Every structure is written in C-alpha cells, then in structure tokens.
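Asks: These are the residues of each chain, in order.
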Amino acid sequence: DGGITQSPKYLFRKEGQNVTLSCEQNLNHDAMYWYRQDPGQGLRLIYYSQIVNDFQKGDIAEGYSVSREKKESFPLTVTSAQKNPTAFYLCASRRGATEAFFGQGTRLTVV
Amino acid sequence: SQELEQSPQSLIVQEGKNLTINCTSSKTLYGLYWYKQKYGEGLIFLMMLQKGGEEKSHEKITAKLDEKKQQSSLHITASQPSHAGIYLCGADITGAGSYQLTFGKGTKLSVIP
Numbered sequence: 001d002g003g004i005t006q007s008p009k010y011l012f013r014k015e016g017q018n019v020t021l022s023c024e025q026n027l028n029h030d031a032m033y034w035y036r037q038d039p040g041q042g043l044r045l046i047y048y049s050q051i052v053n054d055f056q057k058g059d060i061a062e063g064y065s066v067s068r069e070k071k072e073s074f075p076l077t078v079t080s081a082q083k084n085p086t087a088f089y090l091c092a093s094r095r096g097a098t099e100a101f102f103g104q105g106t107r108l109t110v111v
Numbered sequence: 001s002q003e004l005e006q007s008p009q010s011l012i013v014q015e016g017k018n019l020t021i022n023c024t025s026s027k028t029l030y031g032l033y034w035y036k037q038k039y040g041e042g043l044i045f046l047m048m049l050q051k052g053g054e055e056k057s058h059e060k061i062t063a064k065l066d067e068k069k070q071q072s073s074l075h076i077t078a079s080q081p082s083h084a085g086i087y088l089c090g091a092d093i094t095g096a097g098s099y100q101l102t103f104g105k106g107t108k109l110s111v112i113p
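Just so you know, the protein sequences line up as chains X and E, in that order.
Using the numbering used here, the first residue of the first sequence is number 1, and each one after it goes up by one.
Using the numbering used here, the first residue of the second sequence is number 1, and each one after it goes up by one.
These aren't lab readings, by the way, just hints derived from the structure by calculation.
Since no wrong hints were added, every one of them can be taken at face value.
Cut-off 25 Å, straight-line C-alpha distance, at most; resulting in silico cross-link-like pairs (DSS-like, lysine-lysine): (1) X/9 to E/38; (2) E/36 to E/51; (3) E/27 to X/57; (4) E/17 to E/56; (5) E/38 to E/56; (6) E/36 to X/9; (7) E/108 to X/9; (8) E/36 to E/60; (9) X/83 to X/57; (10) E/36 to E/56; (11) E/69 to E/36.
Computed from a prediction, not measured in an experiment: that's the story for all the values here.
Looking at chain E on its own, in the form it has when it is part of the complex (with noise of 0.2 Å):
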C-alpha cells in the first residue's frame, strides 16, 4: 500500500484559478518536502515543513503541514502556465532522524491559458 497518498492525481485549472493538492500520510510525519518536476527533468524543491500547524509560502504557492491529520496541502494562488508541472510530496516517516525518504505518486498540473 502507498504511504503517502497524494490527491488529485491529475489537474486541470484555468489560468488565474485557484488549486490545492493533497498529500496524507498513512504514518507519523517526521517532516515534509514538496517539490515541483518538469517531464524528464530532476525534483526542484519547493517547501519543506517540519512542525505541526507550520505554514510556509512562496510566491504564489502556500503548504501546510496538519500534523494531527498527518496531512500537507500545497495552495496555488491564481495559478499561471509556468505553475504546470508533476508536484510531488515526499517525507521521512519511518521515525526521527531516519533518512528514507519516501514519495508520493504526484499530481500532474495542467494550467490551460
């Protein structure tokens, strides 16, 4: 079973729309990390959230961490072609300092003009 279930698995937004992506885990979160990748291309990190309640925004993209739901939302605020991309949520989640990192299936955004 996936340990990390994002949703949805795919979007598709009007430009100037805006979008939330999901990411729960089926386990304790020891830290959260979302990064956004571009079709066979690397990972480009984004956020990363550490702290129950914390919130941390950049641009026009905003992620939560809700530690009691073991729960992230990624919120993309009026959202442009350049947001189009695979978002993925990754996290340690097999224990404190542990250093798997395990990730998601992603979402794959589509921001039509």
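One chain only, chain X, in its complex shape (with noise of 0.2 Å):
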C-alpha cells in the first residue's frame, strides 16, 4: 500500500547528542515536509522541500538539518544545537497544490 513511514515512532537522546528521524514516502510526491508540534503550538514548519536536492527552511529551522538525496526520503537531523528538541515530530508529503498526507509521527524526548 503507498503511504508515508516515519521511524522509529519514540526516541530517546541524551543531552549533546545528534539524532536522526526518518521519513520515507511511496506515493512518489515531490515536496515534503517537517512539522514539530508541541501542546497548544499547532504545527510549526521545520523544513520543506518540494524537489530532489533542493530544501527551504521553514518557520523554526534553528538546529535542525535535512537532506533530500532521494525523491522517497527527507530524513530530518535534530542537532545538539537544538535547545528544546523534546516535541512531537510529524512528517508530511503531497504532489503540488493538494492536500498533505501525514506520517504518524515520531516522539523525541531528551534525556
């Protein structure tokens, strides 16, 4: 079935630590995108990407990094530079001006 995967669904990192999200689609969408969401925030917009190789930041890209080397995959680095990293992290994809389809999230707690 197509859809969109992220993984793993919890994490745990420890304070200094980088670590890396992923997020696979086979819908074969162009654009994809990076959500952090946390209690009464809404979704905040990381990073985008609407072609291979190609990414824009988003509202809150501040100590996160990505990388688009394959149309399936837009995996999402949460950097020691990143002060508050603990959230909910949602992945998304969709082909131009249609409607998004979601992942079902990835919950980073720091420890």
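Quick one: dock chain against chain with the hints and give me the complex.
Replies: And the structure:
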C-alpha cells in the first residue's frame, strides 16, 4: 500500500547528541515536509523540500538539518544546537497544491 | 504573529449539538485544508477548499471558504463522540503554486455523551 512512514515511533536522546528521524514515502510525491508539534502550538514548519537536492527553511529551522538525496526520503537531523528538542515530529508529503499526507509521527524525548 | 488563527482554541459540546470552528488568515488564501488529529497520531485529511464561496461536505462535516474575508469555517452537525479530537486548518498562503504549507494552532474538540 502507498503511504508515508516515519520511524522510530519513540526516540530518546541524551543532551548534546545528534539524532536523525526517518521519513519515507512511496506516493511519488515531489514535496516533503517536517513539522514540530508542541502542546497548544499546532504544527510549526521546520523544513520543506519541493524537489530532490533542494530544500527551504521553515519558521523554526534553527538547530535542525535535512537532506533530500532521493525523492522517497527526507530525513531530519536534530542537532545538539536545538535547545529544546523534546516534541512530536510529523513528516508529510504531497503532489503540487493538493492535500498533504502525514506519517504517524515520532515522539522525541531528551533524557 | 500567527498567520492562521483558529477559534476557539478548545470546545466542549454535548453529544448531538452543532458546532463551528473558524480559521482566519492574515494573508491571501491560495488553498485551505482541514485535518483532524487524535492525540499522538498523524493528521487525517478532511477537506480541501480552493475557490471563494466553495463549500464541501462529508457525512456530518461541512467546510466553507470565504475568500473575501480570508476565512474558512468547519461546521459539525449533531456531534458524536467520534468527532472528538484536534481540528487543524492548513493553507498555502505564500503564493499561488507555493509549496509552503502553514497550519494554525488547532481546536481541541471534546464531545460529552
């Protein structure tokens, strides 16, 4: 079945460590997105990519990095520069100006 | 400042009652999307509105787009416990053909049996 898969579902990170969240889609969508969700904050855009090998910063890109080497994959790295990384992270993809499809999310906790 | 404002932030209704959630943009809307989310899960797509005056319905949920007011409303008729969750509006507001999809803060809906 076509869809968008995020892994892992839960992730624990020690302070000062980088961690990478995976996002894979087999929908043949050009655009992919990473959002962060905190209680009461809705979804805030971290990075998005319209095509392979190209991506743009969203509203809260500081402390995060991404790559888009393949159409199907858009991994997000949370670096040690991100001061408050504990949150729920959502990945999405879409084709053009249509509805976005979301993964099930990764809950990251700093311990 | 928030580019997409949703109201109310939370809503508690008795089962069977009607309710409306609003989404207002500070910029021109090029496409408006409504989603529902259960806590700790991904977003489920409900409806997309693209033209001023457009209205779409699915089961007991109706969404409208007022292009002049840069506002959309989501109306639920005869609410049920299954309608409970977080409703989010998302929009393309940076330009026609733009891929930057922005969301509001969401409205948390509770339905009391």
